[in-house]
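J.: Read off the chains here:
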Amino acid sequence: MNSRLRQIADLDRLIHEPARLMIAATLYLVKEADFLYLQNQTDLTKGNLSSHLAKLEEAGYVEIEKTYRGKIPMTVCSLTKKGRVSFKAYEAALRGALF
Amino acid sequence: MSDPLFEARIRAQRFWYRDGLSEIVFGVIILLQGGWLFFNRLVNSKSSWYLPGALIYILLLAAFSMSVARITAAIRERFTYSRSGYVDYDESVRKRWIRARIVWAVLAIVTCMMFLRYAGREGWDLDHWIQWLPAIGGLTVGAVSVYVWVRQGLPRFLALGVLSIILGVAVSIEYPLKLAMAIFLAGIGCAWICSGGVTLWNYVRTTPPSADET
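So the sequence lines, in the order shown, correspond to chains A and B. Residue numbers for the first sequence follow the working numbering, so the first one is -9 and each next one is one higher. Residue numbers for the second sequence follow the working numbering, so the first one is 4 and each next one is one higher.
Treat the hints with caution; some may be incorrect.
Below, a list of computed lysine to any residue pairs in the SDA-like style, where the Cα atoms sit at most 20 Å apart [unchecked claim]:
hint, chain 1, residue 1, chain 2, residue 2
1, A, Lys78, B, Arg12
2, B, Lys98, A, Arg74
3, A, Lys71, B, Arg86
4, A, Lys21, B, Arg99
5, B, Lys98, B, Ser25
6, A, Lys78, A, Leu4
7, A, Lys61, B, Arg86
Covered stretches of chain A, going by a simulated chain B footprint (3 or more residues, C-beta under 8 Å) [unchecked claim]:
hint, segment
8, -4 to 8
9, 17 to 27
Bear in mind the hints are in silico, worked out from the structure with no lab data behind them. The model shown is predicted, which means the values in this text are computed figures rather than measured ones. Backbone N, C-alpha and C fix where the C-beta goes; we use that ideal spot for every residue, glycine too.
Construct the entire structure; sequences and hints are all you get.
T.: Here it is, written out as structure tokens:
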């Protein structure tokens, strides 16, 4: 088997899932973003986005802070250092395997 | 093949222009400069109106500069974040923007100095060339606007760029320098405020706020 292609088997599966990949890619480009912004960018439903964010948070890839904007609750998300390193490594591995 | 990460970055940056507030801020700054030039043309510096007028202008400019960030943040908090969500850009993006602005400013200063040195040596009539300052300003604002149009795909910036170039060249041909500069700055300021205002109005009208958690 081609060794470059074999790198695909070693991809970080937590990030590899399409919905989580969209979330990670969006957060990778910004310092922080709230739930609504992520929903607009990814087109995921609230439930779906919540569950994927929870998985990323559990893995230590995403930091979630609950605050208030006036009386409306605001969920601010950002990629942790670990999350950034993992996303960068994932991107490099995918590019290395496919291009 | 296009880079999906690059496209995502452009999408994130386009979000910045979505509510038109940055255009309104730029427009107000330029309009204030134009207003100052108009005032200078209308009121003689020996007139008793000059000093109070100058003080009012300085106060207005200082108040606007000091409060613009807070006002913009408050408007964004009220209108933008509840509609399209909140986002803060990466430090590297902000640093790149600042770097790009510094490079532009240094290039402009160096070009001017080289031009003046060359013109002085050749014995050129500088008044004739300085008359074209509004046209150069129009070309500069036009180039930046067209760049934003190409990069972000927002057609209103093409219209603003074309307008800047036409207005800059037209007033340079038609009016004496000070009046030409005043008309140019006031015109550009109004155009940017109108463009930002229409964008903001359209944005508020077409994007409903989210009542739930953001």
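J.: A separate judgement is required for each hint: does it hold in the structure or not?
T.: Verification of the supplied hints:
1. A C-alpha spacing of about 15 Å is found between Lys78 (chain A) and Arg12 (chain B), which places the hinted pair at or below 20 Å, so the restraint holds.
2. Pair hint Lys98 (chain B) plus Arg74 (chain A) holds up; C-alpha atoms about 19 Å apart against a cutoff of 20 Å.
3. Pair hint Lys71 (chain A) plus Arg86 (chain B) does not hold up; C-alpha atoms about 29 Å apart against a cutoff of 20 Å.
4. Under the criterion of a C-alpha separation no larger than 20 Å, the hint pairing Lys21 (chain A) with Arg99 (chain B) is consistent with the structure, at around 14 Å.
5. Pair hint Lys98 (chain B) plus Ser25 (chain B) holds up; C-alpha atoms about 18 Å apart against a cutoff of 20 Å.
6. Only pairs whose Cα atoms come within 20 Å are accepted, and Lys78 (chain A) paired with Leu4 (chain A) is accepted, the gap being roughly 14 Å.
7. In summary, the hint linking Lys61 (chain A) to Arg86 (chain B) is supported, as the alpha carbons are separated by about 15 Å, within the 20 Å threshold.
8. Here the segment -4 to 8 of chain A counts 0 residues with a CB under 8 Å from a CB of chain B, which misses the bar of 3, and the coverage is violated.
9. With 10 residues carrying a beta carbon less than 8 Å from a beta carbon of chain B, the segment 17 to 27 of chain A meets the three-residue requirement, and the given coverage holds.
In summary, the numbered hints that this structure violates are 3 and 8.
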